[in-house]
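These protein sequences, in sequence, are chains A and B.
The opening residue of the first sequence carries number 1073 in my numbering; numbering runs sequentially from there.
The opening residue of the second sequence carries number 1073 in my numbering; numbering runs sequentially from there.
Simulated from the structure, these hints should not be mistaken for lab results.
Heads up, some of the hints might be wrong.
[Claimed, not checked] No farther apart than 27 angstroms at their CA atoms in a straight line, the calculated lysine-lysine pairs in the DSSO-like style are these:
(1) K1305(A) with K1386(B)
(2) K1386(A) with K1277(B)
(3) K1199(A) with K1305(B)
(4) K1230(A) with K1305(A)
(5) K1305(A) with K1253(B)
(6) K1165(A) with K1473(A)
(7) K1120(B) with K1305(A)
(8) K1120(A) with K1199(B)
(9) K1230(A) with K1165(A)
(10) K1293(B) with K1253(B)
(11) K1199(B) with K1165(B)
(12) K1293(B) with K1386(A)
(13) K1473(A) with K1386(B)
(14) K1386(A) with K1199(B)
(15) K1386(A) with K1473(A)
(16) K1473(B) with K1253(B)
(17) K1253(A) with K1277(A)
Spelled out from the first residue to the last, the chains are:
Number of protein chains: 2
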Amino acid sequence: MEQYRTPIALDQVRITDELYGPMLRLVAERVLPYQWEALNDRVPGTEKSHCLDNFRVAAGDLPGRHQGAIFQDTDLYKWLEAVAYCIANGTGKHLLPLAQEAAVLIARAQEPDGYLNTYITIECPEKRWSNLAEGHELYGAGHLIEAAVAYYRATGEKLLLDTAQRFADLIDRTFGAEDGKCHGYPGHQEIELALVKLYRATGEKRYLHLADYFIRQRGQKPNYLLAEMAGRKGRNVFPEFCEYDDKYAQTHLSPLEQTTAEGHAVRAVYMYSAMADLALELGDPEMARAAETLYNNIVQRRMYITGGIGSSGKLERFTADFDLPNDRMYCESCASIGLMMFAQRMAALTGEARYYDTVELALSNTVLAGISREGDRYFYVNPLEVWPDNCLPSTSMSHVKPVRQRGAPVHRPHRRRRAAVSDRRHLRHDHQRRLEHRHLPGRSP
Amino acid sequence: MEQYRTPIALDQVRITDELYGPMLRLVAERVLPYQWEALNDRVPGTEKSHCLDNFRVAAGDLPGRHQGAIFQDTDLYKWLEAVAYCIANGTGKHLLPLAQEAAVLIARAQEPDGYLNTYITIECPEKRWSNLAEGHELYGAGHLIEAAVAYYRATGEKLLLDTAQRFADLIDRTFGAEDGKCHGYPGHQEIELALVKLYRATGEKRYLHLADYFIRQRGQKPNYLLAEMAGRKGRNVFPEFCEYDDKYAQTHLSPLEQTTAEGHAVRAVYMYSAMADLALELGDPEMARAAETLYNNIVQRRMYITGGIGSSGKLERFTADFDLPNDRMYCESCASIGLMMFAQRMAALTGEARYYDTVELALSNTVLAGISREGDRYFYVNPLEVWPDNCLPSTSMSHVKPVRQRGAPVHRPHRRRRAAVSDRRHLRHDHQRRLEHRHLPGRSP
């Protein structure tokens, strides 16, 4: 196991590349302010987000019901994380007042015991943790933690970090292998990698061990998520979950025993990222081997030449080795972002530069191509071949769009946060040497 | 408009072809007796049908709840129709006692006012006709009528015909353009062509006019089915109906104005078949032109070289002109059966032999290939290209099976009834001349 490596702090790097430099400024100057308006339902002619209003209702500032998706809170968290990176990279100082307003509102929507999810708080407080497979409570907690850590690192401001920690502590008291705790784990992985970040920001080892519990509990028999789904007798939040199976959320085996990339691609690469993080932080060779095996399966057998992953339009998932159709694949931008995250962590774990070939592949071809130069239109699905006339709604090709769309808000901040963060990852230190994984013109100390 | 043509009665035709002759005997001697056992839940190791038991519960013979699909009744109707054709073609006399038992049971499950649907009768009698988009009540009525007419023609037995007529009369009193009647129409077309058969068997013109109403009411604004779906706010019986649109059930325009084959392929060709029937029976040139236009769109632009139709795996539907992928299409056997039915009726309407090229194409390639020589395994989906390793559950290729399956009971009798009926359609009379659309060795008067 190689030694721990500290990435160069974001505020120490400046990207001067002619393509990515202007994109980063575009994010800070146009995209994030526009998204703030959208999250506040102040953009005429677009579908309402309800995101900020949900927090206001949960905080008691507004009357009303929860509106929008059950994971709508994460739009604000992703936006805040992107803002934090822009503040750190020097492009986003002007966003500080908005970010501070958001952080205060989030803190006020938190319940006294630390719980934070506006859907549950407003609509059904008695149903906490009762639908882990679909409920996104732990997924939301993960994005809150990521935002809080990024914001703390960018500004030194602790309010959001305190909020995130209080929620993380509640989760730590609620979930675990011990008797009396819930033996569940997230239906959508995300919190695992966030908890590693929270450990790094706070030094509190319990977050690392909670992440490790979530990984190691996954795939144990009896299958927690399948049992929960069976109890709902098909009354699912997401209609497409009528085809839910144990591979979908990577619960078919212990992650340590998994050798092929399976199921929902975003869930998968988020989990693999956390596994690489945990292998590094805990010095766990078994976890490192599992992550390496999964990485190799992806890049050697289940990844497109564009860095796209996820061959199935249905359920946005991996399929089989070398099943890489040109036209009907999903290959969502978010999955390639997750693949970049995974590859970056494998590079940190091993010190090997080759993982950055995958980062570059996915960034240059799929992630970058997913966004228009103006920053306001998106490809969510990234096929190699498109017949525009055949991309019809309510058919097996309905996920494929021949032109970039005004995307669902949930994904916009996500891609923004990646665009904003990507500069940091290209330079890393370790104790002995300086590792340069740089593909872009820029400067650092 | 050409004059009315009478098909040669089934009992006047004997198929001596070396391929189809033995298949017809196989249906009568092995398949239909086996299916009777399956419908009675007496086949060990297979999923229970519950079909006969549902009728027994509705008739008061058994306690209990409805089980199985909401359209489970139609399995028995399709089985009875196939039995009737086998009796007529001389292969199925031994099935008469079983058929008579089924007919008596069906009659006893009928409600006093003529209503007949075991799911509604057992589970929610107050919800009659409240979910036309999904409920299959009219679809079930159609299959009951088809079975009753076939059984009457094969045996002269009127019990089932009386049952069907009482239900048809209730439907006639319930639905129509007049004030005070429900202005709805079937979510799954089938009853339209069945009502034409009922008219032919009984001479009662009101059935013809009810079929004509169902066709002409379809696609009128406001859209009846979409309004009904909206009122359910996503609480659908079928999860995949979250992507329901007006083309799915051919309600986007009046059928008379439709020029392209759209939506769910089976629904479409059943409706087009009824349109051809009505054009003939009512001497309606507008209806004839619409049917001809839709037929040409299919065979010139939306049909595979195998006679398969329905390019979209999602929602089993038509897509766009010349969108004919080799691997991911649906092309369900039932849709090609429906296409045969449509083409046969176009031949009857016009007297032109060319429509039988399509019948032969679909029969020889898709319908026939859908059944194993032993008669016990089925392809439901009929692609041109299959990569077995990629046909994974819960993916966009999950509908494709690399080997024939033990199919869902709903579709087995369906294919049996086509195999049993196909011989009749190869010979037709009209008043002036004898039309031979014969591709098979056989004899007739």
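Out of the numbered hints, which ones does the structure contradict?
-> The structure conflicts with hints 2, 4, 5, 6, 8, 11, 12, 14, 16, although it agrees with all the remaining ones.
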